[in-house]
Structures are given as structure tokens and as C-alpha cells.
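Number of protein chains: 2
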Amino acid sequence: MNRHTSHGYEASSHAYPYPLIIKQLLNRAKSVSLDQEIFYADKARFTYREFLVRIQRFANVLTNLGLKRGDVVAVMDWDSHRYLEAYFAIPMLGLILQTVNIRLSPDKILYTLNHAKPKAILLNSEFMPMIGNHIHDVPSVEKIIWLDDHATPAPDFTVGEYEELLSKANDSFDFPDFDENTIATTFYTSGTTGDPKGVFFSHRQIVLHAMGVAMGASLNPDEVGLRYSDVYMPITPMFHVNGWGIPYVATMIGLKQIYPSRYVPSLLVDLVFKHKVTFTHCVPTILQMMLKEAGERGVQFDGLKMIIGGSRLTEGLAKSALASGIEVYTAYGMSETCPVITVATFDTKEPLTLENSLATRISTGSPTPLVDLQIWDEHGQPMPQDGKTVGEVVVRAPWLTQSYFKNTDAGDALWAGGYLHTQDIAHLSSQGVLQVTDRLKDVIKSGGEWVSSLEIETILSLHPSVADIAVIGVPDDKWGERPIALVVKKTNHDDTTPNDILALAVQAYEREIIPKYGIPNELRFVADIPKTSVGKHDKKVIRTLVAEGKL
Amino acid sequence: MNRHTSHGYEASSHAYPYPLIIKQLLNRAKSVSLDQEIFYADKARFTYREFLVRIQRFANVLTNLGLKRGDVVAVMDWDSHRYLEAYFAIPMLGLILQTVNIRLSPDKILYTLNHAKPKAILLNSEFMPMIGNHIHDVPSVEKIIWLDDHATPAPDFTVGEYEELLSKANDSFDFPDFDENTIATTFYTSGTTGDPKGVFFSHRQIVLHAMGVAMGASLNPDEVGLRYSDVYMPITPMFHVNGWGIPYVATMIGLKQIYPSRYVPSLLVDLVFKHKVTFTHCVPTILQMMLKEAGERGVQFDGLKMIIGGSRLTEGLAKSALASGIEVYTAYGMSETCPVITVATFDTKEPLTLENSLATRISTGSPTPLVDLQIWDEHGQPMPQDGKTVGEVVVRAPWLTQSYFKNTDAGDALWAGGYLHTQDIAHLSSQGVLQVTDRLKDVIKSGGEWVSSLEIETILSLHPSVADIAVIGVPDDKWGERPIALVVKKTNHDDTTPNDILALAVQAYEREIIPKYGIPNELRFVADIPKTSVGKHDKKVIRTLVAEGKL
Chain A
1 MNRHTSHGYE
11 ASSHAYPYPL
21 IIKQLLNRAK
31 SVSLDQEIFY
41 ADKARFTYRE
51 FLVRIQRFAN
61 VLTNLGLKRG
71 DVVAVMDWDS
81 HRYLEAYFAI
91 PMLGLILQTV
101 NIRLSPDKIL
111 YTLNHAKPKA
121 ILLNSEFMPM
131 IGNHIHDVPS
141 VEKIIWLDDH
151 ATPAPDFTVG
161 EYEELLSKAN
171 DSFDFPDFDE
181 NTIATTFYTS
191 GTTGDPKGVF
201 FSHRQIVLHA
211 MGVAMGASLN
221 PDEVGLRYSD
231 VYMPITPMFH
241 VNGWGIPYVA
251 TMIGLKQIYP
261 SRYVPSLLVD
271 LVFKHKVTFT
281 HCVPTILQMM
291 LKEAGERGVQ
301 FDGLKMIIGG
311 SRLTEGLAKS
321 ALASGIEVYT
331 AYGMSETCPV
341 ITVATFDTKE
351 PLTLENSLAT
361 RISTGSPTPL
371 VDLQIWDEHG
381 QPMPQDGKTV
391 GEVVVRAPWL
401 TQSYFKNTDA
411 GDALWAGGYL
421 HTQDIAHLSS
431 QGVLQVTDRL
441 KDVIKSGGEW
451 VSSLEIETIL
461 SLHPSVADIA
471 VIGVPDDKWG
481 ERPIALVVKK
491 TNHDDTTPND
501 ILALAVQAYE
511 REIIPKYGIP
521 NELRFVADIP
531 KTSVGKHDKK
541 VIRTLVAEGK
551 L
Chain G
1 MNRHTSHGYE
11 ASSHAYPYPL
21 IIKQLLNRAK
31 SVSLDQEIFY
41 ADKARFTYRE
51 FLVRIQRFAN
61 VLTNLGLKRG
71 DVVAVMDWDS
81 HRYLEAYFAI
91 PMLGLILQTV
101 NIRLSPDKIL
111 YTLNHAKPKA
121 ILLNSEFMPM
131 IGNHIHDVPS
141 VEKIIWLDDH
151 ATPAPDFTVG
161 EYEELLSKAN
171 DSFDFPDFDE
181 NTIATTFYTS
191 GTTGDPKGVF
201 FSHRQIVLHA
211 MGVAMGASLN
221 PDEVGLRYSD
231 VYMPITPMFH
241 VNGWGIPYVA
251 TMIGLKQIYP
261 SRYVPSLLVD
271 LVFKHKVTFT
281 HCVPTILQMM
291 LKEAGERGVQ
301 FDGLKMIIGG
311 SRLTEGLAKS
321 ALASGIEVYT
331 AYGMSETCPV
341 ITVATFDTKE
351 PLTLENSLAT
361 RISTGSPTPL
371 VDLQIWDEHG
381 QPMPQDGKTV
391 GEVVVRAPWL
401 TQSYFKNTDA
411 GDALWAGGYL
421 HTQDIAHLSS
431 QGVLQVTDRL
441 KDVIKSGGEW
451 VSSLEIETIL
461 SLHPSVADIA
471 VIGVPDDKWG
481 ERPIALVVKK
491 TNHDDTTPND
501 ILALAVQAYE
511 REIIPKYGIP
521 NELRFVADIP
531 KTSVGKHDKK
541 VIRTLVAEGK
551 L
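Residue numbers (my numbering), protein chains in the order written: chain A, 1 to 551; chain G, 1 to 551.
Possibly wrong hints are sitting among the right ones.
The calculated lysine-lysine pairs, modelled on DSSO-like cross-linking and capped at a C-alpha distance of 30 Å, are [claimed, not checked]:
1. A:349 <-> G:445
2. A:274 <-> G:349
3. G:536 <-> A:349
4. G:108 <-> G:536
5. A:256 <-> G:349
6. G:276 <-> A:349
Covered stretches of chain G (chain A as the covering partner; in silico rule of three or more C-beta atoms under 8 Å from a C-beta of chain A) [stated by the list, open to error]:
7. 125-136
8. 211-224
9. 367-378
10. 430-442
11. 460-472
12. 491-505
Worth flagging that the hints you see were computed from the coordinates, not collected in a lab. Built from N, CA and C at the ideal position, the CB exists for glycine as well.
My request is simple: use the sequences and hints to build the entire structure.
Now the structure itself:
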């Protein structure tokens, strides 16, 4: 990081070929943000000047452990300054950062570790109850670095505690240049079907994604756009697709940053107010938790800009957020796409109002610059951009996983026809506004036409008796598949009949909102609807139970 | 451009490696901006849908002329839709676009053509008086395409008129993928010393520059920042370093665009009002012309955002522009740097006022993301970031010319020590704000210290008798060099003596604004100060004349 040691004036006089590697993301901050701050919740504060020294110390620690280019280093931590340092120091050494998906069950976490085979792991002491007794079941792990916020002594099986190791290390390290196509990070998706699959990204892809997201978000007006003046705090876990890549964006710009540790709603809201956080991103569930917390305190957010991803931002939630002073809008992508490929695009010159902005906020956004996004039918034919004809979202962008980690068969399916298949069903308007309507595997194929289960669910959920609803396709000799609806009724709504609720679908058909074959054949009342570990309807399990006559 | 022919669903199932080539800049516009408009002054209007077809037609024209990958195609035109089409179709075929510097003298234009050796040239009929009789002195040129807005018949030595050729060509062309390091464009700098030198940029560099500029400009607040809602018109000639690269940015985002033809102040102002132009860029001279035109009409601009480059934006001009409703600010770079490497950075959350924004607007800006910008002394040692210690600006960025076209010796000097040498003298503040104070060749070295001739000129120009002033260094046995000042007095200021004016430098020294050795040894009154063809002081000529006792 010393500006001069490796490029002495007297040395080479050749043009610098400028590889797109992660260390280049620090160039602006090195001159602009040396005195800017990075906070770890209420626990620690560093300037960028210190951060730049700390990643050099960390690099010396890792090098002294004998790690070599191409080795995998896993991290299990809450969102912290340590994680940010790992985002930079590990790949800047040519090592591969595995951000461990700590939301998985312990056996699946072990599966991902034994699949990626890290040589070293950074382990937060708070994960000892979950994984500690099994860490020796991952034979590839030779070195464990202890991360701790509670003065818990580093156990003997570790090489020591992170801060202590850093304090003893040399503070100067000259990060090398290397091929920009070197793999930088890997992350395992939750894998609702089968084992978790690892996506992976090169240095070049991470740099280009940072540039793409920065453009996509900052071309928007002040109410929602990313700015040089922002204070940034992620509320998407840093293990999850590089925290959507925004920590890299924030560091590239040189913003003040806050890392909130474990997500506790009261602490999150505290941090937003204490540090005057202006830019964040999360899933709808976290937004709901924050709104609840703020509501209980009787406080308003002051124009906090928030990108929502992961699940659909509903109109109701968007309105609640806006009423609480949060400027919400959607970005879209998935683990395989690094992830951002669309951002809601506000192309008005007028101040944003509920009337002129709500539809844009809750749309699935528009392709960011450089993203080639299309809607294909099952034969790979592009669909008309009419805002209603649905097909699968396929995409090319400079930052998409090129396969699955050590699983090329699944990678070939992902890239069928040379475009990455999202398995999301959507339509695209003539102005390029995307609207995802369903997951491909949840779509019902009736009479050769696609029926969106999500759309039918939305319509039927408007009935006041519906507490929860799932629509699935069941085999049908004549039509291929036919939709049926499973409904959990609210208490004290015993009098409601299936036909009372199905009447909404009939009305929607009569108003030409859905096709006739979108009206479910049947509506069953059930006690509960099976869900995945992250709280989504588990349609695979639902379909199995229905087929077995158990639901 | 057909979305499907080359990537059929049944064909390959390999990950798309996504080369950073110019055709990718069209991806967003292809879905978002098909109905958006591109205007050629008051002469023509096209939608992006038409533009996308026209570049396919143009590609067929060029291919049918027998041009092959690596061939150079030169363009001599005013800013037009044709030039924009050339920006895309020519490099997208793997050809090299030479944007001919029409501000050079005819013999220098011929020099650049005979150096770059284009196989074909697009020639606007209005340049016939300047170059027409000599075009046969460029033996490499085999095909001439006639550009014309006056129904002048295409001469026999051409292959036909552009619009006619397009109308007869097939409207479908499948642009190939190729190595992103393929050279896309070349342009010859004016070369105040010696022959013009050609800079050149690869596809990758042009794409990355577009991303870098888009980020750098859009992270700023609404008053000055680039937005999805902008209407764009360049007022920097498209031959000049790709019109600063912003036509590529505007097309990448999919903005409404206006190309103003030859720069006539009244027409420029007409177009701004007619099309509600919101974003532009130019040199100070053009800004002055527009302010004069608007002043004569008694009209105000309505927040027109304008990036100033090429020469220093003075405080006086910035204030005049702001008073006329133009939101001016600086970006910095040069032909060799593609060009943008800094943009004025507004990191306030408050609305911009004269008080809180003027200093930022007229600074030389801050490095855009990814730009590694340093200030070096003559031994290649980085200078402290204290906002006052000056040195040469050296830079690394993903978009810098890697040498000069067919002139590698000059390229080696440009890249001495592995950083591109701008030959600009500047200081950098602790917040990364750059201030260029001088050109290296204009700096005076007195007693081992650098004296900024520009700074002394600024101070002495505050005297009411000064109409024009140049400060140069003359050899001095004791000090190496000593500054002397040459002043053109205003009429009716005959009584002013040299010491009256020099007193301002003495005052500046007493107030510690300049060092003592910054006070010129001598001040001479002269009738005129020699200038270059673009109106800058020609210090090389001035030094020669002074040395010969002729000034």
C-alpha cells in the first residue's frame, strides 16, 4: 500500500495495464477519505487511514500463516469492520474469500465448508455453540482465527485473536497485481432444492459490479439516489452475496460506513439515528422489524434511502415505509448475478410524491447500464416488450457467476443458450420496466399457457378471511396442470366458504386481469402452510404433501 | 443486433464471458429507450429504435466497401447524429475510428491523416474548401463517404452520400464479439510542441471511462449531478477525445440527446431552450459566448448543468454563469487520459449556494472512483496532501492511452516510472481536492523551488491597468531561473509604472500568499503577447522572443 516502494520513478517506464482488481477500489479513498470514519456498531471506530494500515497488518498475518494464492479463507462473523477488512485483504492477496452462509442449518454449513475446503477460517466466538464442536469435521481447515467481542480467551485450537494478531503484525504490505480473472469470493446459496451451490466471482466482476451498482443507484434523484455525502450502513448480511456488493461501492466512493454487528432492531434503529445513516439496503422482513421498532418509539426516519431486495416490495409495505420517512425502492438480482441487475429508475424531474413514484418504487426496476436483460419463452424466443407478456428473465452482464463452484453440470443448465437463466417469470414494459410475477418453478402451466401462482395469490389474499395463502399446480389430464389454492383462514372467519374467496378470482377474470384458466379448480382450507427456513412458502414440500393427500 | 440469431437457445450453453466492448454500451438503451429521441440540431430527429437500425445499415455499408478489422476510418464532421453513429458502428466492426481534429491547420490535418493512414473517410461537404483539394495527398484513403446538409451532389471521387448509402443498405447486421483490448478510436492532440501526436483507446477503455464518468458525475447532488431524466447536448466537439466520452455515457444511459452541428452561439442557445437541455459540457470560451448570447436576448438558463474542462474555470466566469442560471463545475483531464480523471465533488447534504459551492465548482475536482492520482516531485516522490505543496500530477486509471499512436518513444516518456505524467503542476488537499496551478513547462524553477507562473499572473492581473499578462522564467546565474512579467496595458493607463503593478506581488509576498522568489525581477510593457491557434499564451514562442531580445 506504500505508494512508492513497488513503482519507483527510476524503475519501469511502461504503461500501467490497470487490472480490474479489488485493490483498485481503494484508489479514490486513499486521496479523498483518509480522515473519514468506519464504525463497528457501538464497539469501535476507525479512520480510513487506519483501515488502510489494518488490511496491511491483516495481510501479513495471513501470509505468515503460510496461505498461498488460490487458498480459500472462510469467514463466520456478524457485520463488522473485521468483515470489511476481510473483503479487501483476503482477495487482495489472491486468496478466495468464502463468506459462510450462517443462516443455513449447522449440517449444511459444514457441507459448504467441506465443499469449498477453506485452509483457514475466521470464527466469531458467538458461533461456537452452533459450529464449534464440528469444526474439526472440516479437515481442510488448518488455521482458525478467533473473532471476539466479549474478551473470551482464544481457545488453543486457534492461532489467536484477530485484534491481537493484527497488533503484532508488521504494518506495511505491498499488495501485488495479478490477473483480474482470479477468483475473489465464493458464497453458497440456500439451495431450497438439493445441496447448497456455490457461486463465485472474480476480481474483475466485483469491480465492475461495484461500478454498475454505483451508476444504477446514483443516476436517481436526491430523494433516493446514492451520493458523495451519504452515510452508509448495510442491513443485508455481509455473508450474503458480498452484502449485495454495496460495502465495496461505499469504500470505492470513500463514504462514512457503519457495520451494525448482529441485526437487533433496536440497535439498528439506534445506529441509524446516532450516525445519521442516509443509505442502506435490506429485505422486506428487516424493513418491517425496523418500522415496528420505530413505531413503538414514536420516531420518524428523516429520508433514509433504502434499497429493497430479496423479496417483493409490496405496495402496503412501501406506503408504510414512506409514511415513516424511509425512501424505499427496489433492486433485483440473485446470488448468481452478483447480484444487482436492475434498479428502480426514476426519470422524472419533479420532486418525488407518492403519486408519481409509488409504481416505480415497487416495480422490479430497469436494467442498469451494460446489463442485457431479456424475457424469453421456453424455446428461447424473446417476448414482446408490452408490459404484460410474461417469460423467463435471462441476462448477460459483466458480473455474473460463470458456473457453480466445482459443479459445472449445474453451471451449464444455468447458462443454457448463452444467457444466465434467473428462473424468474416477468414482463418488461416498452420503457424497460421489469415486473417479476413468479418463480419459474412455481408457475402453473395450464392448457399450454403460463399462469402466475403469485398473481392468483395476490388476488385471493384480498379477501378479509385470508391469513395465508399458497397456489400450486396439480397434474391434470386435460390441461397439463390446473391451479389449486390452499388457504389458512383468520380466526373468527368460520363462515367463509371456499367459493366466497374464489369469487375474487372470477371477478378478476371478468375484469380481464387474469385468464379464465387462472381461476383455481379448488380451494382448500388448511391449518398451516409449510415454509422454508427463511420463511418463504416451500412450494416443493407443499406440492409433495398435496400429491400424497396430506394437505 | 438481432437479439437472437447468434445466440440461439439451442446453440451454446456456455457462460458468456462478457467482453467490455462498445456494443455493450447499447444494452440498457435497447430495453429502456427505444422510443427516446436523438436530434441533429434543427435538421433531423431519430428514435433510438431507428438509431439501432441505422448503425446496422451503416455497418453493412462499411463492410461492403471492403473494410477489414484494424482498418482506420476517419471522420470530418460537425457534431451530428452521423458522428454518433460513427462512434458506434465503426469500432463495433473492429475498425478504428479516427476523429479528425478539424481545428488544426490544413497541413497539420493532412499530417495526422498521413500518420494514421485511414482507408476510408467520412467527409462533410463544408470541409471541402479546407481540405478537399488535398484529400488526394492522403494515398491511404481508398473510399470517401460524402456527408452533406445542403443537397450538394456527391462528387465523383466519393462512393456516395451517407443517407443515400444507408437507405440502400440491408437493415440487419450482427455485430461480432472480439477482444476488448482492440483499439477503437484515435485522435491527434494539437501538439503545441512538434508534430501532433495520436492518442488511442481500446474498447475496454472507452467502456470503463463511460462508467467512470457516469459515476463521478452522478454521485453529485441534483443541482449538478447527471440523472436518468437528463436531456444531453455536447458543446465539446465530437472529434475532441470522443467529445470527452459523454456521448458514450448518454447513450449507455439512454438519454434524450441533441447534436448541435457547427457551434453557432445563437443556435446553441436556441437548442438548449427548444429541447430543454439539462446537461452539457464545454470549454470556458464557449461558456462566455453563450452567456453573451443569453445576455443580449435577456434570457436566463433554468439550471442547465455544465461541466467545464480544457481551461481553468475562473471565479469570475463561474459567478457569471451561476447568475445566468448555469450550474457550472469543473472536470479535469487531457487527451492522453480519455480524458476525465477528476470531477468536482460536492459532498454536502445542504442545497448548493454560492457560499458553500463556489470553491468546489472552480477547484480542479477530486479523483473519480478507481483513479489513482498522486502529486510527485521531480524525483518521483509523492508530495504531502496539504493543499499547498505542489508537484506534478501523475495518474493511473483504467482508461489512459497506453502510448502514442506509432510513436512509442514519446509514449515511454509519458509513462516514466509507470504512472502517466500529465505535466500539470498541482497541489492536493487532505480531502483529495486537486488544484492545478500550472503547466510543468511553464513553471519557473528559482533557487531550487517551483514558482507558479499562473499564480503570479493571477495576482498581477488584479491591477486595473492590466489587459493581458504573461509570466515566464528567464535564465539566471545565481537562481537558475527568475520570473519576469510581460504586460499589455489597457488604453488610457499610460501613467501606470511597472512598479505600480509589481507592488501587488510584493503585497502577496507580505501576506504569505507567494514566496519571496515569486516576485518577478522585472515587468515589461509590450504591445501584444503571442498566442497559439486556440488562443492560449504561447509561452514557448514568448520565451524564444525574450531570449532573442525581440519582446
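For each hint, the structure was consulted:
1. A:349 <-> G:445: violated (51 Å)
2. A:274 <-> G:349: Holds: residue 274 (chain A) and residue 349 (chain G) sit about 17 Å apart, inside 30 Å.
3. G:536 <-> A:349: Violated, because 39 Å separates the two Cα atoms, which is more than 30 Å.
4. G:108 <-> G:536: holds (18 Å)
5. A:256 <-> G:349: holds (14 Å)
6. G:276 <-> A:349: Distance of about 11 Å is within 30 Å: holds.
7. 125-136: violated (count 0)
8. 211-224: holds (count 9)
9. 367-378: Result for this restraint: holds, n = 9.
10. 430-442: Check passed, 3 qualifying residues.
11. 460-472: Our answer is that it is violated, as 0 residues pass the Cβ test (under 8 Å) against chain A, missing three.
12. 491-505: With 0 residues close enough to chain A, the hint is violated.
Hint compliance for this structure: hints 1, 3, 7, 11 and 12 are broken, all remaining hints hold.
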